[in-house]
Amino acid sequence: MATADGGAYSYSLTVFSPSGKLVQIEHALAAVSSGTTSLGIKASNGIVIATEKKSSSILIDDSMIDKVSVICPNIGIVYSGMGPDFRILVAKARKSAQAYWKIYGEYPSTRILTQEIANIMQQATQSGGVRPYGVSLLVAGWDITRGPSLYQVDPSGSFWAWKASAIGKNMVNAKTFLEKRYNDDISLEDAIHTALLTLKEGFEGHMTEKTIEIGVVTVPSEADLAAGKIEGTGRVKPTFRKLTEEEVRDYLAM
Amino acid sequence: MSIMEYNGGSVIAMVGKDCVAIASDLRLGNQALGISSNFQKIFPMTNRIFLGLPGLATDVTTLKETFRYRVNMFTIKEEREIEPETFAHLVSSTLYERRFGPWFIEPVMAGLQKTHDGGYKPYIAATDLIGCLNFAKDFVVAGTASTKLFGVAEGLWEPDLEPEDLFETISQTLLNAVDRDAYSGWGAEVYVLTKDKVIKRTLKGRMD
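Line by line, the protein sequences give chains A and B.
Start counting the first sequence at 1; every next residue gets the next number (UniProt numbering).
Start counting the second sequence at 1; every next residue gets the next number (UniProt numbering).
Just chain B, with the same shape it has in the complex (with noise of 0.2 angstroms):
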């Protein structure tokens, strides 16, 4: 049994038009037993920026505390808000300081990226458990049924998805995966960004 089976959980961030979205699972399981149906992996940096974390469940917890921290003093000390692309830098650096005794999570990111004209561009980014960056212009997945999320993403995902349609496609993604996954499922959340707003939603999913 590797740790981060342990406790179990999902993660998927998608690029749409103009939009993301990242989902998870709301599992929390002691190896088989299934102990929460509510434990969030989802936290938002800044306004623009989530950031989903699967894995050990303690280090989830710790990890949303360090990133919350160092995206605060970032924001105090240069007076404006962090990029996408600038965290997951910070993402990958902060896991490669503990290169010989890991944090046992592997980071997914969602986010809108300021341009150089005032517009924003849709950006997702994941890291293994030690930081190497994964820039992919389509979608990212990690977790206990990242395999099984690769291959429905890979079915279901096309290019400049509207808000709703990104919708729809991560959410059947996120559900027909982990309903084959033991350790991932009971509940399900998914937060689609836009420049304006972002909705957050809660998916009726299989409970067992």
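So that you can see chain A by itself, here it is in the shape it has in the complex (with noise of 0.2 angstroms):
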């Protein structure tokens, strides 16, 4: 900001057409479905989040792509669309999970946290000198107060909850494909399953433990509910984390 007021930058580069539309918000919506194909599914008894991990050139060393974020033990994060936009969401929701903690001693519910980065996301679509962030969002965890929960937010920052959706390039077919093989007692064994025959229906190239990222919530145990925290840490058990590359493996040649 030169001045005091502002300036240039004292105003929203997010306005309404006269159709009542903001255009802004379209050319993000444009930019998410440009991006790789994202999945989530609500289980029973867990969720399953997963993405095609697609790199433009064999030499990038995609060891060091991280797509399938964890933001706090209990919640985990995908998205599609551009991935710097999704970097900086990611240390944003992180600290905002941070600073829930700080106040209350124990971590957000994942509603909480969904509507903390809603609220960042709508923030960009009102405030002087930005732009919209080009991506949506799938945001998975488990609470106490309300199990498992899949939530999907968008770059205007409005967000629900879902029991299997898809984002990105190939949402439509997959979403399809989704409402086909999905059912309320759906276990967590037969969601990742069904997360890979989804992937792999839209997917270009080979799909190996290599080119997808998944992650996973479970549900914790009544043992684990009632020990409460880890002996001796205090700390509390994490519900979600991203599956090996070995375990991924091992889905793939189920």
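No wet-lab data here; the hints were simulated from the structure.
Idealized CB from N, CA, C, for every residue including glycine.
Check the hints yourself; a few may be wrong.
Some, not all, of what chain A presents toward chain B, calculated at C-beta under 10 angstroms [what the hints assert, rightly or not]:
1. 101
2. 102
3. 105
4. 108
5. 111
6. 112
7. 115
8. 144
9. 145
10. 220
11. 222
12. 228
Make the complex out of the two chains shown on their own, each in a separate frame, by following the hints.
So this is what it looks like as structure tokens:
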């Protein structure tokens, strides 16, 4: 800001069109739709989120790419759209989770964190000199109030809960595929298989443990809940984790 | 003279079998001059959490409103009631926000915490004026008669007291401790919390 009042940065770049649309958000959604496909499926005993890890060249070291990210021990997110925008949102989400922990001594529930992220994304549609984030997110987490929950957040900042959803390039086909195969009592194992089959539908190239990333939310057992914190550490047992390459390979082989 | 002793007053909370009790005196003074024998220091935060605020009276009133605001915002945003353990951390961080210009209060909390299998567990906690948490398993005390409260409570408390027995124990502890303190007393009230109800009783004590 060159001047005290903001100057050329004081007005929002996202303004209404005569038809009532926010054109910048439409364009942001276009950026999302051209991104690699991601999906999430909520099972009766957990959630699976997965994405393609498509590199533009074989020379890229894709072991360093992190598309499924942990926010706090009970929540993870995946995206479709612009990678750099995702990185920023992950950093802000992690900070928000820690700020919550600092006040309440526990990590936020999935819904609360999703609201925080959605607010951050909305601010970029109504603030001076910024553009909307070019990503849609799938937020998966577990908390004791609502159990496992899966939310999608769009560049506009709107969010809603899904039982199963897909975002990105192949979302229409993927969602049709999921609609056929989803039922409310699906187990986590079946959900992981279904996720892999859905990804395979629109996959360009060879699907291996190196070209996809999978994150999983598991529901704590009775014993875990009774124990509360892990013995001696005072920390809660994480409910979200990324599958290792070996585990992904095993699932692909089945 | 310390600011914590300006108005006087004491609070105690105790754990029983599937119940908790929290009790306070009712005195408000201006140093040695007693002003009111009806000054409430214990406030309900939710149906299952009670907060006792002994210390400077103006801060008692301000903090009770501050916590009411924060708990209401929590309830509305999270669409659920706050649990005692979460509330204790909220109290701690609220006090630490004023680390270098603190509220002159040493809060005492009592409540029933939901367990994962749908039952309720008794929960008490206290903090110092800058938010250091104390998660005692038996009893917590604060206020001008705190040293006396420690003594009597240590002698009278035993684990797994039924609600009626817990009431007797906490009442005797409070009454006898405040009788040894010039700045506490002038009446007392006791809240006993069980999973279905809260019983508030006003005690007849020495009015000197």
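Results for each hint:
Nearest Cβ of chain B to the Cβ of residue 101 (chain A): about 9 angstroms, under the 10 angstroms cut. The hint holds. Hint status for residue 102 (chain A): holds, given a least beta-carbon distance of 6 angstroms to chain B, under 10 angstroms. Among the interface hints, the one on residue 105 (chain A) holds; its C-beta lies about 3 angstroms from the nearest C-beta in chain B, closer than the 10 angstroms criterion. Hint status for residue 108 (chain A) relative to chain B: holds, with the closest Cβ pair at about 9 angstroms, below 10 angstroms.
Interface restraint check: residue 111 (chain A) against chain B, minimum CB-CB distance 8 angstroms, threshold 10 angstroms, status holds. With a least beta-carbon distance of about 6 angstroms to chain B, the hint placing residue 112 (chain A) at the interface is held under the 10 angstroms criterion. Annotation: residue 115 (chain A) was flagged as interfacial toward chain B, and the flag holds, the nearest CB pair being 8 angstroms apart, inside 10 angstroms. Given the 10 angstroms rule on beta carbons, the hint for residue 144 (chain A) holds: about 7 angstroms separates it from the nearest Cβ of chain B.
Because the smallest distance between the Cβ of residue 145 (chain A) and any Cβ of chain B comes to about 5 angstroms, under 10 angstroms, the interface hint for this residue holds. Because the closest C-beta pair between residue 220 (chain A) and chain B is about 8 angstroms apart, less than 10 angstroms, the hint holds. For residue 222 (chain A), the interface hint holds, the least distance from its beta-carbon to any beta-carbon of chain B being 8 angstroms, beneath 10 angstroms. For the restraint placing residue 228 (chain A) at the interface with chain B, the shortest Cβ-Cβ distance is roughly 8 angstroms, inside the 10 angstroms limit, so the hint holds.
Every hint, counting from the list given before, is met by this structure.
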